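Kindly generate the complete structure, drawing on both the sequences and the hints.
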Amino acid sequence: MHVTSDKFSKNAADALHDPFLQGALQRATGKFVNERLRAVAEYPGFEALRDQGRAIKQEALDRLPELLEQFEEKVIERGGFVHWARDAHDANQIAINLARSEGVKVIVKSKSMTTEETNLNHALTEAGFEAVETDLGEYILQLDDDYPSHILAPAIHKTKEQVADIFDRRLHEKNPPDAGIPGLNTIARRALRTKFLSAQMGITGANFAVAETGTIVIVENEGNAALSTTLPKIHVAFVGIEKIVPRFNDLAVMLKLLPRSATGQRMSSYTNFLTGAARAGEEGPQKLHIILLDNGRTKIYADEKLQGSLRCIRCGACLNVCPVYQKVGGHAYGWVYPGPIGAVISPQYLGLERGHQLPFASSLCGACYEVCPVKIEIPHMLLELRNRVVEENTKATGRPAKRTFFEALSFQLFAVAARRPWLWGLGSAIGRRLLRSKASGGTVGKVELPVLRKWTSERDLAAPAEQSFLEQWKQRSGSKGGRA
Amino acid sequence: MAKPRRVSLFVTCLADQMRPETAWAAVELLERAGCTVDVPMAQTCCGQPAFNSGFRNEAREVARHWLKVFRDAEAIVCPSGSCASMVKVFFQELFEPQSPEGREVARLAERTYELTQFLVHVLGVTNVGAHYEGKVAYHASCHLLRELGERTSPKALLEKVVGAELVALPGSETVCCGFGGTFSVKLPEISTAMMDEKIRAIEASGADCVVACDGGCLLQISGGLTRQGARARAFHLAELLTGRVPEPDRR
Ligand code: SF4
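Which chain is which? The protein sequence lines are A and B, in order. Taken in order, the first sequence gives residues 63 to 546; the numbers are from this note's numbering. Taken in order, the second sequence gives residues 216 to 466; the numbers are from this note's numbering.
All clues given are correct.
Under the rule of at most 30 Å between Cα atoms (straight-line distance), these lysine-lysine pairs were calculated in the BS3-like manner:
1) A:Lys437 - B:Lys401
2) A:Lys349 - A:Lys295
3) B:Lys401 - A:Lys464
4) A:Lys500 - A:Lys536
Here are some, though not all, of the chain B residues that point toward chain A, as calculated from beta-carbon distances under 8 Å:
5) Val226
6) Ala257
7) Asn267
8) Gly269
9) Val277
10) Cys391
11) Pro403
12) Ile405
13) Ala408
14) Leu434
15) Gly438
16) Thr441
Each pair of labels, with its calculated beta carbon distance range:
17) A:Ser499 - B:Gly386: 36 to 46 Å
18) B:Val377 - A:Leu414: 47 to 57 Å
19) A:Thr456 - B:Val304: 18 to 28 Å
20) B:Ala321 - A:Glu109: 22 to 32 Å
21) A:Glu109 - B:Gly349: 34 to 44 Å
22) A:Lys93 - B:Ala321: 42 to 52 Å
23) B:Ala321 - A:Trp146: 39 to 49 Å
Quick caveat, the hints were computed from the structure, so don't treat them as lab data. A quick note: this is a predicted structure, and the numbers were derived from the prediction, not measured. The beta-carbon is built from N, C-alpha and C at its ideal position, and this holds for glycine as well.
This is how it looks when you write it as structure tokens:
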């Protein structure tokens, strides 16, 4: 996919001017937020559960090398295969080679952010396979050559009218008048059923990988992951190395946290536990291949300040509550991972050069941290990344890069003045006078001056005081004879 | 622990320059509660704008100055949730915890308080004899709420205001006003889209005024209210508590 993270502000401005998108975002995020609140409220001790979730995922990170080996061992014991992929290209190539050697033509896929990250569909199509997304949202996007704008509800940005139009154009199926969303479901189901029955390979992601038993867990609501992992004779799972949990029992916590945080469900409609390949007399795929993906994760792992971002279980709760995401939607972030967690991890996966705008796409309100089921300190990580962007900007030349030159200079002056009260007092007196000269009736309206223009285009600025508080205080203490 | 009676006011640069009323209100509340208020004249800013913009070296220099200015304070009180969190939470990011400066940060952070927290939790004051006729909405500023975890002290003070009818502000604790420091001018379209939502909520609440405990949020909210010709006005809770209510025709 085409990465546009470095154009966040432009993407965001476009999104703000798209009334369809604004309506869709408001409805969808509002619904998710409310459902989550309800589900959390009915579970006393949800806060304690978050602490447990955090502890489990942190333990998994602390013991990651050992747990990954244990996981591999257990999968092999149960007749599965494990492949290690260094990057996206490796992972896709492993899947392609498997499909070639097994004579596969049609592949069904269930929703997986990890395969979005590796851009698998594109690679499979290039290699000559027919790969079909079977999650309804993903299927819609695939037909429209689009990509997800939400971790959970990938087609959140599409209205039902747009979907009807896509089905009409691409499947030549018209949704009968009054058939509404159920009608659209029927069309998709009919089209997908033939794919399920003809596919020789199913590709999925995984929500959790249990080291103790070699089990992978897939949580879903449509049943398409269940079909993708049972009908085709080969199952390939793309699993990021951070999906590990140590023990099967840990799922008791994680499976309470995930659906409640994600969709406000007590339990998802389907929770698939897949341990090894089908044995004699069992149903299911005869071959199970698990691709363990690094693709930059070990780099984050080694980064003390940001390692915690690997705890993420991709529940999407931070997106739904984020006031920035609510306004600009997922595509503005310009890559597969949007929202607050995207603003933290995308710059790490893509590099600071391409991701430099994302850490600034936040008012630092902290709503994300408050809902995160594994307590990732997103606002603090954004601050850390902001600092790295600034350092990166000056590192190469020793001087700030052009795009931040003015800002860097301003903050240097700021720091010089803030340590010299007389200079600070002088500078701010001039600033106040300037602002007051632009004010009328106590407020400053639209002003065409740098920075101020950005503030005053849509809001007033209350005019500053004629005398600062410190000056006023000095007078009072003076007249009282008190110390200043 | 004996209640500190000598209080150093950390005015915050925003209140100092833009809205001295807030600082005067804080002084009055503290003096009425029996404290002696000292205002260190060498204070400037805590460095938050630089820190939040990623300029940590510059922020560190400003923080050093702050540490020097407030070195001898018994208790440091500041009428802003975000400036208090800068000192209490983020100064730690700027210095090695084991270094002399790091230890100094820890020592002063412990005795730094946001104004309402100091009044309610340290001095045990909730009734300050305030009076206001009208409907009041409270906007919970994000940093006070989430970095300092304060949900109760502003409301405890508000509930004792005679004559005031507290109205629910939809999304008071969930919807950020969109200020976000330099975010407000770096991504102004998003910032004001968030502000618009806050203004709609204030209008829907029927409030005559909205109070908060952070000058940044108030700059944003009042700027939006006056630009949009809304009826309600926004000012600091301390101003409401001391009867420093702006004249309706100020705009
Ligand atoms: S960062 Fe936390 S809230 Fe956001 S998707 Fe990941 S687990 Fe969910």
